[in-house]
Amino acid sequence: MSSRGEESTDVVEIDAIGVDEWEHEQHTPRAMDENLAALVKSSAQSGPTRAPTIDDGWEADAAEPSKQRTTTNTVSRPAPAKTKTKTMALPTVAPAAKPVAAKAVAPKALAPKPAAVPQVIARAETKAIVSPVAKPPVVKPLAGDEPLPGFVEVKPLAARGAAKPAAKPTAPPTERTPTAKPATKSTSELKPVAKPIAKPTPPPMAAIEPKPVAAVVVAAEPKPSRAATPVPFSPMTLPAWPPSNGFEDWDNPQSAATSVSNRVTPSRAVSSDFKPEDSVIVDLNAKPTATPSTDKPRRPQTAPVIQTSEQTPSTSGVFVMPTAAQPNATPVAPEAPELPPPPVVLAAAPSPSDGDRASSPGWNTPLPERLPGEPIAAPAAPSWPSAAGLVYEPHAPIVHESAAPIVLRRAVFRSRGVVIGVAAAAVIAIVVAVAALGSHGSSDSKQATIVATSASKATAPVDSTATHATRPGAGTMPAPATTAAVEAVTPPPKSPVKAPVATRRFSRSRKPVVVDYDKKPSSPVDVDEALAQARAAYANGNQHLFAGEGREAVAEYRRALSIYPSYAAGYRGLGLAFAQLDEKPSAIAAFKTYVKLAPTAKDVALIQKRIRNLAAR
Amino acid sequence: MRGFLLVVAAIAGCAHSKPVATPTPVAKIKLLTLPTESDAFPEIASAATTALGHAHVAGVDEESTTKVSIEVVQLSIECVDPSASCYEAAAKSLSANKLLFAQVDVDGKKPKISVTLFDRGNRAVKTVAHTFATEADAVAGVDGLVGEVTR
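Line by line, the protein sequences are chains A and B. In terms of the numbering used here, the first sequence opens at residue 2 and continues consecutively. In terms of the numbering used here, the second sequence opens at residue -12 and continues consecutively.
Just so you know, these hints were derived from the structure itself, not from any lab. Given the structure is predicted, the values throughout are model-derived calculations rather than measurements. We treat Cβ as the ideally placed atom computed from N, Cα and C, and that holds for glycine. Don't take every hint at face value.
Stated by the list, open to error - Reference excerpt, derived from the structure (chain A facing chain B, CB under 10 Å, subset only):
| id | residue |
| --- | --- |
| 1 | Ala38 |
| 2 | Gln544 |
| 3 | Lys610 |
| 4 | Arg611 |
| 5 | Arg618 |
Stated by the list, open to error - Calculated lysine-lysine pairs in the BS3-like style (CA-CA distance at most 30 Å, straight line):
| id | chain 1 | residue 1 | chain 2 | residue 2 |
| --- | --- | --- | --- | --- |
| 6 | B | Lys15 | A | Lys610 |
| 7 | B | Lys79 | A | Lys603 |
| 8 | A | Lys593 | B | Lys96 |
| 9 | A | Lys597 | A | Lys585 |
| 10 | A | Lys610 | A | Lys593 |
| 11 | B | Lys99 | B | Lys113 |
| 12 | A | Lys585 | B | Lys113 |
| 13 | A | Lys603 | B | Lys15 |
| 14 | A | Lys585 | A | Lys610 |
| 15 | B | Lys54 | B | Lys96 |
| 16 | A | Lys610 | B | Lys54 |
| 17 | A | Lys585 | B | Lys96 |
| 18 | A | Lys42 | B | Lys17 |
| 19 | B | Lys97 | A | Lys610 |
| 20 | A | Lys593 | B | Lys54 |
| 21 | B | Lys54 | A | Lys42 |
| 22 | B | Lys54 | B | Lys79 |
| 23 | B | Lys96 | B | Lys15 |
| 24 | B | Lys54 | B | Lys97 |
| 25 | B | Lys113 | A | Lys593 |
| 26 | A | Lys610 | A | Lys597 |
| 27 | B | Lys54 | B | Lys113 |
| 28 | B | Lys54 | B | Lys99 |
| 29 | B | Lys113 | B | Lys17 |
| 30 | B | Lys97 | A | Lys585 |
| 31 | B | Lys79 | A | Lys610 |
| 32 | B | Lys79 | A | Lys593 |
| 33 | A | Lys603 | A | Lys593 |
| 34 | B | Lys54 | A | Lys585 |
| 35 | B | Lys99 | A | Lys593 |
| 36 | A | Lys585 | A | Lys603 |
| 37 | A | Lys585 | B | Lys99 |
| 38 | B | Lys96 | B | Lys113 |
| 39 | A | Lys42 | B | Lys96 |
| 40 | A | Lys42 | B | Lys79 |
Kindly generate the complete structure, drawing on both the sequences and the hints.
Next comes the structure, spelled out in structure tokens:
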């Protein structure tokens, strides 16, 4: 380094070559087997020699035995700069050596190893792999042996792994002792490395695992600097960097190619005569302003001008279709003269021959300006706005409609509406009436049902007689014979439509159980004729009972039950009557039936008391 | 003149004759005595029924005795409450103006005798009740109770 001057310490030898050149020349020198054997032999005899480099090869090392060089494929870079260099060494020295273990070690920790060339290197294949695209600088061998920071050093395992028997070279370590003194200049970084070499102990390279690896691939990835580093000598002339002919450095953040700020598409070229005041400003929020009148002549008028008293002269062709006044249009104020009373129909309006114009103060048709020299029609008499403005044919006869048809039409329309309304009301009324009739009919049908039910109640004795025959205590009840003739005429029995309020269900019959305790005067049950008959029979039984006529009472009670089997009071009366007759079993059975039918009746307690008394007797 | 005659005729036609007062039949007051029944104290019941049969109530035109007790009547007419309305219903069912009846209850183990006189006309219920120490006392004292009610 010292031979390169003062700047040599930080200078990197970069030989910028082309890709093809690099591929052609920068191949890894390979030593033939016979040469390698000779090299090994000579190395063992002559001591440490300079490690072969990429450039000089094995032969060069042999030519300069005095210089001790590292075995490193060295790529020197300036300290601040970062290069990306990968170096691979594939020694095949130790057959027991483990596969190559690549480790990335900090350059500072590895590079300053001025270790002697291992004498046992049988074959070292070193190759610098540098991306050709980036045109890496060619590494030139340093004049000195002092590596620089950022060096990449490839060390055979034997160089540092002496303690490892697997990677240990065949040469004894004692042979390397004389070579412990490095021939290169020792820098502060090289000193600690040189020391372990002198000792047979493994070097204190903590960064490297003490494994028997054949080689360590040290990959330092310094970022290459685009800045042209002054190179003392260069075999090739580096082109100017960056090139000025439209080169865009994509890696340079400051470059225009990568700078975001520079990515803005440049605007179109503005003409030289452009002035800022000529720019058109479009203000969407601006209110429309009146278009300045131009002095350009209008087209000649091809139609007569209709001029009214309320409007400025307007263009009127054959048809004049007045339009509604625009919101922003200035309404034309009517003139002072009072208008005649508004005509109802068009026929009331003056004829077109009178110069009537379809215009009114309410219509504000934008009118074109009159050209100079254009004839102006005579002002028309004021007229009331009418429908005549819609269609106006000056020369064609206007078909006037008399007032009567229009009025008639209006009346017809009105009458139609009235008729429709009346019809709708009628329909609604009919619907309501039908609904009412339906409900009324349903009530009638209900009534009919009730009547039928009442009639059917009369037929009940036949069926209920058989039922009573099976009931306990009712075996002696005779079936009323008077109802036999009635049942042939009466329709089949039907259950009552509406259940009475004071009724209770009984499983033996579908008819509701009636207890007069709960009856109400307006109860529908009262309507039931059968129930009424049953009550009547029950009342007769009571009279017989009060009179002490037990048998008659029993008969009446049974008749009541035959009319209406679910009339629970009949069973109670039977019990009382049988008790009066001193027929305890029948009385008890009747009472129990009553309690079963009306368990919640008010007199249940008294009935049960009587049952107990009868049973106790 | 014609109008005047028409008015007179109308007045005469609209005017109705005064109803002839016919003598209404006077309703007889019927007193109905109801027998007393008691399964626990049959003797007292019997004594009470006898006592009621011998009772004299003022203002009564007819006196009769029913075959059933007041309890049976109330059961038959489905009105078992000891109220004026139920008594009225019972009297109506029995076609009586007044009811006289006695009830024997058990107050603990002592007989309790209640004698009631119900007047249907004014719906008055007059009840005298007394608990006797023994059944014999009740039998002996039932007359006094009936007399007290009918007094």
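Comparing the hints with the structure gives:
1. At its closest, the beta carbon of A/Ala38 sits 141 Å from a beta carbon of chain B; the interface hint therefore is violated under the 10 Å criterion.
2. Annotation: A/Gln544 was flagged as interfacial toward chain B, and the flag holds, the nearest CB pair being 8 Å apart, inside 10 Å.
3. Hint on A/Lys610 holds. Least Cβ distance to chain B is approximately 9 Å, under the 10 Å limit.
4. Taking 10 Å as the C-beta contact cut-off toward chain B, the hint placing A/Arg611 at the interface holds, the least distance being around 8 Å.
5. With a cut of 10 Å, the hint placing A/Arg618 at the interface with chain B holds, because the nearest CB-to-CB distance is about 8 Å.
6. Using a Cα cut-off of 30 Å, the hinted pair B/Lys15 and A/Lys610 is violated, with the two alpha carbons roughly 37 Å apart.
7. Only pairs whose Cα atoms come within 30 Å are accepted, and B/Lys79 paired with A/Lys603 is accepted, the gap being roughly 21 Å.
8. The hinted pair formed by A/Lys593 and B/Lys96 meets the criterion: a straight-line CA distance of about 28 Å does not exceed 30 Å.
9. Simply put, A/Lys597 and A/Lys585 have alpha-carbon atoms about 18 Å apart, close enough for the 30 Å limit, and the pair holds.
10. For the hint linking A/Lys610 to A/Lys593, the alpha-carbon distance of about 11 Å falls within 30 Å, and the restraint holds.
11. For the proposed pair B/Lys99 and B/Lys113, the alpha carbon gap of about 16 Å is at most 30 Å, so the pair holds.
12. Taken as a hint, the A/Lys585 and B/Lys113 pair is broken in the structure, with Cα atoms around 34 Å apart against an allowance of 30 Å.
13. For the suggested pair A/Lys603 and B/Lys15, the alpha carbons sit about 34 Å apart, so the restraint of at most 30 Å is broken.
14. A threshold of 30 Å between alpha carbons decides the hint, and for A/Lys585 with A/Lys610 the separation of about 14 Å falls inside it, so the pair holds.
15. Using a Cα cut-off of 30 Å, the hinted pair B/Lys54 and B/Lys96 holds, with the two alpha carbons roughly 28 Å apart.
16. This hinted pair checks out: A/Lys610 and B/Lys54 have alpha carbons roughly 20 Å apart, not beyond 30 Å.
17. Restraint check for A/Lys585 and B/Lys96: satisfied, since their Cα atoms lie roughly 26 Å apart, inside the 30 Å limit.
18. Distance restraint check for A/Lys42 and B/Lys17: the Cα-Cα separation of roughly 166 Å exceeds the 30 Å cut-off, and the hinted pair is therefore not satisfied.
19. Restraint check: the Cα-Cα separation between B/Lys97 and A/Lys610 comes to about 19 Å, which is no more than 30 Å; the hinted pair holds.
20. Only pairs whose Cα atoms come within 30 Å are accepted, and A/Lys593 paired with B/Lys54 is accepted, the gap being roughly 24 Å.
21. A hinted pair counts as satisfied when its Cα atoms are at most 30 Å apart, and B/Lys54 with A/Lys42 does not qualify at roughly 159 Å.
22. Proximity of B/Lys54 to B/Lys79 is assessed by CA-CA distance (about 16 Å); at most 30 Å being required, the pair is judged to hold.
23. Between B/Lys96 and B/Lys15, the direct Cα distance comes to roughly 42 Å. Violation of the 30 Å bound is thereby established for this hinted pair.
24. With a C-alpha separation of about 27 Å, the suggested pair B/Lys54 and B/Lys97 falls inside the 30 Å cut-off, and the hint holds.
25. Between B/Lys113 and A/Lys593 the CA atoms are separated by roughly 35 Å; this puts the pair beyond 30 Å, and the hint is violated.
26. This hinted pair checks out: A/Lys610 and A/Lys597 have alpha carbons roughly 15 Å apart, not beyond 30 Å.
27. A distance of roughly 22 Å separates the Cα atoms of B/Lys54 and B/Lys113; the hinted pair therefore holds under the 30 Å criterion.
28. At roughly 23 Å between alpha-carbon atoms, B/Lys54 and B/Lys99 fall within 30 Å of each other, so this suggested pair holds.
29. For a cut-off of 30 Å, the pair hint linking B/Lys113 to B/Lys17 stands: about 17 Å separates their Cα positions.
30. For a cut-off of 30 Å, the pair hint linking B/Lys97 to A/Lys585 stands: about 28 Å separates their Cα positions.
31. Distance check on the hinted pair: B/Lys79 and A/Lys610 sit about 26 Å apart at the alpha-carbon level, within 30 Å; holds.
32. The hinted pair formed by B/Lys79 and A/Lys593 meets the criterion: a straight-line CA distance of about 28 Å does not exceed 30 Å.
33. In summary, the hint linking A/Lys603 to A/Lys593 is supported, as the alpha carbons are separated by about 15 Å, within the 30 Å threshold.
34. For the given pair, B/Lys54 sits about 18 Å from A/Lys585 by alpha-carbon distance, which is consistent with the 30 Å threshold.
35. Distance hint between B/Lys99 and A/Lys593 is fulfilled; the C-alpha atoms sit about 29 Å from each other, no more than 30 Å.
36. Restraint check: the Cα-Cα separation between A/Lys585 and A/Lys603 comes to about 23 Å, which is no more than 30 Å; the hinted pair holds.
37. Distance hint between A/Lys585 and B/Lys99 is fulfilled; the C-alpha atoms sit about 27 Å from each other, no more than 30 Å.
38. For the hint linking B/Lys96 to B/Lys113, the alpha-carbon distance of about 25 Å falls within 30 Å, and the restraint holds.
39. For the suggested pair A/Lys42 and B/Lys96, the alpha carbons sit about 145 Å apart, so the restraint of at most 30 Å is broken.
40. A threshold of 30 Å between alpha carbons decides the hint, and for A/Lys42 with B/Lys79 the separation of about 156 Å lies outside it, so the pair is violated.
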